[in-house]
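The task is to assemble the complex, starting from two chains supplied on their own in separate frames and drawing on the hints.
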Amino acid sequence: MSTPQNSRVQARPRVPAPSFARSVWLVATREIIARLRSKAFLISTGLLLLISIGSVVAGGIASQNQSLPRVAVVGSATQIIERTEAFRIVEADDVAAAEKLVRAGDVSAAVVPATGEADPLGVRIIALDSPPLDVLGTLSVSPAVSLLDPAPQSGGLVYLVSLGFGLVFFMSAITFGSTIAQSVVEEKQTRVVEILMTTIPVRALLGGKVVGNSIMAFGQIVAIGALVSIGMAITGQSGLLGTVGPSIVWFAVFFAFGFVMLAALFAATASMVSRQEDVGSATSPVLFLVMIPYFLVIFFNDNAAVLAVMSYIPFSAPVGMPMRIFLDTALWWEPLLSLAILLVSTVVVILLGSRIYSNSLLRMGARVTFRQALRG
Amino acid sequence: MLEIRNVNKHYGTRQVLNGVSFGVESGRLTGFVGANGAGKTTTMRIILGVLSADSGTVLQDGVPLTSDDRRRFGYMPEERGLYPKMKVGEHLVYLARLHGLSPASARRNTAELLDRLGLGERAGDLVQSLSLGNQQRAQIAAALVHDPEFLVLDEPFSGLDPIAVEVVMSVLSGFAAQGAPVLFSSHQLDIVERLCDDVVIIADGQIRANGPREQLREQHSSPRFELRTAVDAEWIRSVPGISVLDLSDGVAVFEAATDAASQAVLRQALDRAPVTSFSQQRPSLAAIFKEVVQ
Numbered sequence: 001m002s003t004p005q006n007s008r009v010q011a012r013p014r015v016p017a018p019s020f021a022r023s024v025w026l027v028a029t030r031e032i033i034a035r036l037r038s039k040a041f042l043i044s045t046g047l048l049l050l051i052s053i054g055s056v057v058a059g060g061i062a063s064q065n066q067s068l069p070r071v072a073v074v075g076s077a078t079q080i081i082e083r084t085e086a087f088r089i090v091e092a093d094d095v096a097a098a099e100k101l102v103r104a105g106d107v108s109a110a111v112v113p114a115t116g117e118a119d120p121l122g123v124r125i126i127a128l129d130s131p132p133l134d135v136l137g138t139l140s141v142s143p144a145v146s147l148l149d150p151a152p153q154s155g156g157l158v159y160l161v162s163l164g165f166g167l168v169f170f171m172s173a174i175t176f177g178s179t180i181a182q183s184v185v186e187e188k189q190t191r192v193v194e195i196l197m198t199t200i201p202v203r204a205l206l207g208g209k210v211v212g213n214s215i216m217a218f219g220q221i222v223a224i225g226a227l228v229s230i231g232m233a234i235t236g237q238s239g240l241l242g243t244v245g246p247s248i249v250w251f252a253v254f255f256a257f258g259f260v261m262l263a264a265l266f267a268a269t270a271s272m273v274s275r276q277e278d279v280g281s282a283t284s285p286v287l288f289l290v291m292i293p294y295f296l297v298i299f300f301n302d303n304a305a306v307l308a309v310m311s312y313i314p315f316s317a318p319v320g321m322p323m324r325i326f327l328d329t330a331l332w333w334e335p336l337l338s339l340a341i342l343l344v345s346t347v348v349v350i351l352l353g354s355r356i357y358s359n360s361l362l363r364m365g366a367r368v369t370f371r372q373a374l375r376g
Numbered sequence: 001m002l003e004i005r006n007v008n009k010h011y012g013t014r015q016v017l018n019g020v021s022f023g024v025e026s027g028r029l030t031g032f033v034g035a036n037g038a039g040k041t042t043t044m045r046i047i048l049g050v051l052s053a054d055s056g057t058v059l060q061d062g063v064p065l066t067s068d069d070r071r072r073f074g075y076m077p078e079e080r081g082l083y084p085k086m087k088v089g090e091h092l093v094y095l096a097r098l099h100g101l102s103p104a105s106a107r108r109n110t111a112e113l114l115d116r117l118g119l120g121e122r123a124g125d126l127v128q129s130l131s132l133g134n135q136q137r138a139q140i141a142a143a144l145v146h147d148p149e150f151l152v153l154d155e156p157f158s159g160l161d162p163i164a165v166e167v168v169m170s171v172l173s174g175f176a177a178q179g180a181p182v183l184f185s186s187h188q189l190d191i192v193e194r195l196c197d198d199v200v201i202i203a204d205g206q207i208r209a210n211g212p213r214e215q216l217r218e219q220h221s222s223p224r225f226e227l228r229t230a231v232d233a234e235w236i237r238s239v240p241g242i243s244v245l246d247l248s249d250g251v252a253v254f255e256a257a258t259d260a261a262s263q264a265v266l267r268q269a270l271d272r273a274p275v276t277s278f279s280q281q282r283p284s285l286a287a288i289f290k291e292v293v294q
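Chains Z and C supply the protein sequences, listed in that same order.
Each residue of the first sequence is one higher than the one before, counting from 1 in full-length UniProt numbering.
Each residue of the second sequence is one higher than the one before, counting from 1 in full-length UniProt numbering.
Which residues of chain C face chain Z? A few of them, derived with a C-beta cut under 10 Å, are:
1. Asp68
2. Arg70
3. Met76
4. Pro77
5. Arg80
6. Met86
7. Arg97
8. Gly100
9. Gln139
10. Ala142
11. Ala143
12. His146
13. Val152
Label-pair ranges, simulated between beta-carbon atoms:
14. Arg371(Z) x Gly118(C): 45 to 51 Å
15. Ala21(Z) x Pro84(C): 24 to 30 Å
16. Val348(Z) x Asp54(C): 25 to 31 Å
17. Phe299(Z) x Glu79(C): 43 to 49 Å
Hints in this document: simulated from the structure, not taken from any laboratory.
Positions of the beta carbon are idealized from the N, C-alpha and C atoms, including for glycine.
Excised from the complex, chain C in its bound form (with noise of 0.2 Å):
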């Protein structure tokens, strides 16, 4: 579990972090959201040491990291790049091999990390030589290649064709499953909203929301219902306590003032004709991003 305390940072007079707070579960997907300039490459940056914090500390199981610890971490820096002219095994090798990997070592996972991400024929190939899509692979075999302990990846989605996509979700959701904790940023929501088991939003370098995806998906629903039958609904705008939304055909779509209200109107649907579906409507991820950075 690691663990960001309370880190300030500022460039200049402009505060970019303040009292930054959050947790990163082990062997959690947690997705970290927010605008462009928002903070969140401030603030993995500050996790990987890179950057030093004003204030605030970053703890690994409640001890401040060291850089040994942090020699630990994959990290997949926004700003892509790699050699352009070393081959793609080599460059692997050599880092595995900077982060203390013995050469055998070294070579063994860059050899398993290229198949893995279906980079296996390329090894031998220039970085320069690859096409963007292999080239943003090979980043990721990059993170992932001295088998880290904590992964940080900055954007690893973006400018990924839909395989590839596919290709890195089930390689990150394999790395968590080993126990790790893996925090990663996004702008594309759809994909955090699938991936992620923790999701932490950012917004002006503060927390607005931090917790368990379904968690927050419940603090954020409204009374908001639909309900789906076999026969008109038009009855419902007679329930007390019910406004009505959006009526069609067999679709209602309304507020209950109280839980009770909400029951009556199933209770009542039922006796009327077969219901199809009941539920209350969960915002999606992007609606609550909406909500929480207004």
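The following block holds chain Z by itself, in its conformation from the complex (with noise of 0.2 Å):
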């Protein structure tokens, strides 16, 4: 037995040792199958998916049912409201039954013929409670108005498509930030981790690990941008498409960087600690920048000042860039100066995340400082 063992010592070829790239491959291949195979992932993916395309149908929905006020009419105001053609129109016999459908609620107001001479319009309006400004704004006569700096989304859109924006980026980056957080202490706490690094380079455990994460979360936001625009087309929104698709875009761009400097910060906080009881404390400073732009951008999607700012700032240039290009605020250059921002700054956390990484590894037991793990 032991001749053919020693022939085949010698014979043995030296395997060449894998590139980086390949190590980081390697690593971000394990990451996403072990990923796809967690149920927890699929389930809350799954989700995700569903809400969004929900949220497209049920607005798709509503758009169209957009119906016209109903108004009853009685008698020769019948003619009156025709032709406006802005009202669902319901005849009543007399004045006592338009009446009784405005109690009954069956209609939002009712125009009878004017009893009056006095009346000019020849018809008078009943309503419940309050004057139906519906009605009276189709029926009165307004002057023109100019408008000087034209706002060119509706106010609502825009509170929407921010709450969009920011949901989806910090639901992302929460999800897969935790995800990255927790993969990194379990591989120190089944000790996993010092055959890795006795195998491949603790930068390319690191990077593989930001890699397969980011791939997922990209994917993800794909997945529901794709969807939503589907939609969108499908549900005869595709004006809303023209004006938000851009933005999505530019998101997406934003988000794909954005998220790799976040991925870098889970995994570098978390390596500070040991066991999964305490990643939650360990990367709770990176979930707060994680939220800061999403309380920003929702309470001030209107203010171009704090818009201008997070436009800019690494954390929140995900969310406030492409919000100032559906606002249509931003010039031509200002989203590429952000992500050259962004794409230095990621550079750097990258670089200090790998050196706390790599320092933090081997640390077992209680949590280390900041400083050890700068220092090494």
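Next up, the structure:
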């Protein structure tokens, strides 16, 4: 038995060590497969996709059924109301019947022939508890209005879009950030990390984790973006798609780099503790950084100054800059400059993060302090 | 041949390794013995490059180790661990591929090794579903799966049942027989005694004894002899230069002041009655360990 073994040793060629990129890719693939096999991940992704497609479909149904206000009419008032084409008409036999419909809430108002000669319009409006502004507005004469600085988007839409960007960024960053943090601590807690460290460079290990989880996060964002776009096209909201589309694309680009930065931060801070129970407290500073842009964009989506600042700070740029593109307040070079700032800070964070990561991995037990982690 | 030369390491103000030097010969099993905290794990981590030494070098065939060389090492850390939610076979293939093996040879090595370790049927099971002993075997497989050129194992026998100990011993011997140097640490001195060609003893960060096992026993043997003969051996007490330590029936344990004195005892014994055994008592590894560590 020893003879074939010996010959095998002599014949054994030296296996070349895999390149850095190859090591990163092997680690990333393992991360992705581990994610895809996790039931929790599949369920939460499914839910997120369902919610986004659901909100688009709901929006489509609501816009199609945007029914004209129902108005009851009596006698000669019919012709006047028909001419406006702004109401759905319910004919009533007499004023009493019209009043009954108003009281029952079947119609928002009733238009009946005026009783007095003094009325120039020849009609009188009956409503329940307050003057019906939509009916009055249609039947009134208004002076011409010139807008000096027309808002490109309506307030409600701005709010919805800002909520959408903020929420998607927040949710993805938290989901995948905490996934990355947990997988770092899992390796530390199960001690598999020492074998990994003797096999590949620590930077390749960190790189693989960041790349793998970023691909998953980015894939989720792209899936949501595609679903929302297709949903809008199918439900006949392509007009809306035209206005939101470019900012969605920019959002995806900013998100890709912004997430890499966050992922490195999550990995570095998580590497300083040794138990899953401590992950929450260790990564809370990073969580805070993710929550700030989310709340800022929701509360200040109509404040140009706040949005302008947000769009240049690396942590909030993935939400701030697409918002400004949507609002059409960003010059053409602004997203590029902001992206450059984001790229530089991502590189700095990765360098710093990999230092913390390498210095903390073998320190088990008590939490590693920032000073220890940076000095090594 | 791997050589550790004058390695020093401190944590904070504590000096954990102090001028550590020893060699690990190719094709031989070297046992690394020391109490807890003596510096075994630190030394092994420095060999593997997980820790860096304050000073000193690790050489392979006279050349300082590079990280590429280290990738061809196999390592079983004292702190065991594999991904609990990966399948055993997949896990080993993953590690082999991180070492640079092609997917095909990674799978082939994994299958071979699992069979040799008696885990062939468990390849598709999750690591966390294995019993502790089987996890330990999987851990040893993880150190071997890429056909390493040098093997470092930190306490490979702790936590193994007697059958698994035999399996692992045969795997390690087979590995050394292929011409690779093997270094392993152990608390179980009896295993080291049975298995190792060379022994390194460390205490308080210093190498206290180092060399081939038999040579160490030779060096540390006392002028103590045991004689077994058919008749009562009371007469030994009267032989000059002999002090008797123990005497019962035909068995005598004595110390001889000179070689001539011990030979004189043997000659007289043969004259009186048949001698069944006459031997110089060699200390066990445990005894040597106690002696050099103090």
